[in-house]
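In case you want the letters, here they are:
Protein chains: 2
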Amino acid sequence: MTDISPLAPEKFPDVDPVKGVRFATRGVGVKYEGRTDLMVAELAQGSAIAGVFTQSLTASAPVDACREALVSGKGRARCMIVNSGNANAFNGKKGIASVENIVKASADIFGCEEGEIFTASTGVIGEALPDAKITGALAEMKGMLGTASFEDAAKAIMTTDTYAKAGSKKVKIGDVEVTISGIAKGSGMIAPNMATMLSFVFTDAAIAPDVLQGLLKEATDKSFNAITVDSDTSTSDTVLLAATGKAGNGEITSVGDANLGEFKQAFEALMIDLAQQIVRDGEGATKFISIKVKGAETDGAAKRIALAIANSPLVKTAIAGEDANWGRIVMAVGKAGEKADRDKLQISIGGVLIAGEGEAVEGYDEAPVAAHMKGDEIDVLVDVGIASGEATVWTCDLTHGYITINADYRS
Amino acid sequence: MTDISPLAPEKFPDVDPVKGVRFATRGVGVKYEGRTDLMVAELAQGSAIAGVFTQSLTASAPVDACREALVSGKGRARCMIVNSGNANAFNGKKGIASVENIVKASADIFGCEEGEIFTASTGVIGEALPDAKITGALAEMKGMLGTASFEDAAKAIMTTDTYAKAGSKKVKIGDVEVTISGIAKGSGMIAPNMATMLSFVFTDAAIAPDVLQGLLKEATDKSFNAITVDSDTSTSDTVLLAATGKAGNGEITSVGDANLGEFKQAFEALMIDLAQQIVRDGEGATKFISIKVKGAETDGAAKRIALAIANSPLVKTAIAGEDANWGRIVMAVGKAGEKADRDKLQISIGGVLIAGEGEAVEGYDEAPVAAHMKGDEIDVLVDVGIASGEATVWTCDLTHGYITINADYRS
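Respectively, the protein sequence lines represent chains A and B.
Residues in the first sequence are numbered from 1 upward in steps of one, following UniProt numbering.
Residues in the second sequence are numbered from 1 upward in steps of one, following UniProt numbering.
Source of the hints: derived by calculation from the structure; they are not laboratory data.
Do not take every clue at face value.
Only pairs whose alpha carbons sit at most 27 Å apart, straight line, appear in this in silico DSSO-like list of lysine-lysine [unchecked claim]:
{"#": "1", "chain 1": "B", "residue 1": "K339", "chain 2": "A", "residue 2": "K93"}
{"#": "2", "chain 1": "B", "residue 1": "K344", "chain 2": "A", "residue 2": "K93"}
{"#": "3", "chain 1": "B", "residue 1": "K74", "chain 2": "B", "residue 2": "K246"}
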């Protein structure tokens with residue numbers, strides 16, 4: 001389980017620091033030994049914050065608290081406190097108290113309102129979080145702020161991840177250069193140790209909280225909400241976006257601001273990059289799969305069809321077996337519940353049309369398709385053929401490795 | 001792949017013949033060699049028929065034709081013609097023509113209307129059905145009617161099934177004893193060779209077509225629509241129920257008829273038995289899992305929560321690993337999208353309450369739970385705790401065997 005995923009990037013990317021953001025990391029022994037497991041990100045006073053969380057109806061206590069802080073803090077934040085090793089999920093009243101303890105101690109030590117503290121926890125669920133180990137380390141970590149890099153931060157929040165995930169972009173807002181840098185973690189949607197998906201993205205641009213929230217929601221739908229490893233949904237998934245305003249641009253107060261165009265594009269690309277890095281670390285993954293659906297009734301219908309294909313165990317195992325089994329793709333389209341016409345459906349794999357008009361394309365060239373299936377990047381294109389709705393999602397294959405990690409594991 | 005499932009019944013059950021139903025089976029070489037692959041069930045003149053089909057929006061040509069026959073034949077049937085080895089799915093216009101050829105030949109040979117012929121096909125998809133092999137055998141098979149048993153019929157429709165599936169009940173309608181006997185096939189929802197779920201149930205009771213259709217729909221929701229192997233949906237799933245009226249009861253023309261109570265109960269029990277036999281033949285299955293959800297907002301909500309648990313790869317792999325991982329069950333409840341309250345949820349495994357009030361039950365007795373997990377029949381009970389909706393579904397675990405069958409297979 002410590003082998004790095006075969007789909008991992010060659011190396012940790014170059015990540016530019018963000019003005020107004022300082023990190024500290026430490027090993028406090030929440031669960032793991034001999035590694036960092038606590039990350040503090042301090043944000044300049046007045047930083048704006050936005051958050052998107054799991055759609056689970058059994059969300060964890062830290063997620064509930066973040067949602068409340070977004071309201072009570074009026075979209076401003078000073079600190080993110082993130083631990084790995086324990087998700088503080090399904091711990092009843094004890095879990096709620098643990099979050100309150102961490103928030104209260106952080107507000108005292110970092111000198112801000114409780115509504116400006118955002119926490120996230122990832123790791124085992126149903127075990128009490130030893131919150132005193134976290135609160136007891138905060139004063140010392142305040143003194144260490146600025147000593148940890150984005151790579152250190154990305155490493156501290158890993159659980160079953162086989163590599164640290166990050167990305168960075170520089171763009172202009174008007175004449176001012178701004179930086180966007182972020183980290184992420186996650187492998188299975190929930191791994192053996194409940195490997196929640198977390199991502200923390202930072203920019204030194206000045207952007208008002210409501211604009212930031214709109215940007216984050218839209219980009220999440222195209223990135224973290226467009227990936228799937230095993231269709232399961234963590235109770236702790238959290239994406240936070242902070243804007244420190246230290247770059248010097250005039251604050252963006254409208255989502256329609258023409259100066260926001262380049263930023264928005266770069267931010268979405270960064271979010272998609274981070275989301276794809278999670279898929280590339282999918283448990284047991286040996287193939288990275290892009291599924292594009294076009295010609296659906298609406299964009300939403302296209303995404304639901306794409307996710308039905310991406311979540312189909314039969315499609316995922318076929319790809320693991322390097323079998324261009326379009327029959328299973330037809331099946332998955334059919335079960336998505338969206339408008340489709342068997343006889344208008346067209347399916348291409350690796351750019352080669354292999355099925356259309358309700359049947360296999362006679363005499364299609366199998367050699368390039370077979371070669372494509374042997375690679376580790378698989379492209380599936382489905383044209384539903386009835387309208388112009390489009391969406392792309394990303395997933396990985398389903399292998400013996402997934403079963404080994406999830407069935408052979410003992411907690 | 002020819003090993004019999006470890007969850008199979010000890011032997012093929014005793015199945016009573018049904019007055020007015022005669023079978024013939026033959027090997028016609030649709031795909032398989034050295035086994036039967038064509039089943040004809042002839043029904044007495046005037047027999048009533050009901051059908052329930054896949055919810056897939058890319059249904060196969062035979063399914064489309066059955067749906068039309070239900071209308072054009074006015075709920076009457078004379079013949080079921082079922083082949084294994086080829087599903088005649090996604091064959092475009094050729095597929096539609098194949099069904100027409102079989103229906104036309106059958107109507108000629110068996111002397112009835114085309115609307116009284118019901119066909120089903122199961123096996124590989126996307127390969128042209130050699131329908132002449134089927135139509136060419138029908139005249140001879142007409143002469144063989146009555147020579148095949150329910151067991152012969154069940155065997156002829158198998159694809160990747162590791163054992164033949166059937167069941168039988170005798171009950172009274174008023175003073176008249178009637179028989180209900182049926183067969184089924186299916187392993188994965190779609191297996192490597194597209195192992196569609198098919199079931200054909202026969203009774204000698206006299207029941208009007210609209211009443212029969214209501215009975216079948218309701219029982220299917222509690223049986224075949226309450227099982228899942230891998231969440232995938234075949235394009236060919238078909239359940240047909242025929243009533244020959246040869247037992248001698250006065251025809252039941254109202255679903256509210258008091259004489260129908262015992263029949264209805266027995267029919268539902270038979271349907272659940274057949275459905276569970278399919279789960280017990282799930283690809284790679286080593287554990288049969290019953291998931292009961294109670295306390296949900298509605299019965300429908302309970303069923304959607306139960307299916308979310310049953311379809312979760314993380315729950316299924318945990319059970320394969322004999323791990324009573326209630327955290328994954330909480331996660332699955334949360335992703336079902338139905339009303340739930342993390343802190344009211346109660347989870348029992350093998351009759352032992354292990355989680356409630358938002359956390360693990362402190363000091364619960366782990367020994368009986370561990371022993372239960374080692375068995376091959378796993379009982380999960382989830383009390384959502386907010387209302388009185390209930391449902392039970394059945395599934396199997398997810399193992400290396402599933403991956404081997406579906407990924408290592410080459411068509």
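A quick look at each hint next to the structure:
1. This hinted pair checks out: K339(B) and K93(A) have alpha carbons roughly 20 Å apart, not beyond 27 Å.
2. Pair hint K344(B) plus K93(A) holds up; C-alpha atoms about 12 Å apart against a cutoff of 27 Å.
3. Restraint check for K74(B) and K246(B): the C-alpha separation of about 19 Å stays at or below 27 Å, so the hint holds.
The structure is consistent with each of the numbered hints, conforming to all of them.
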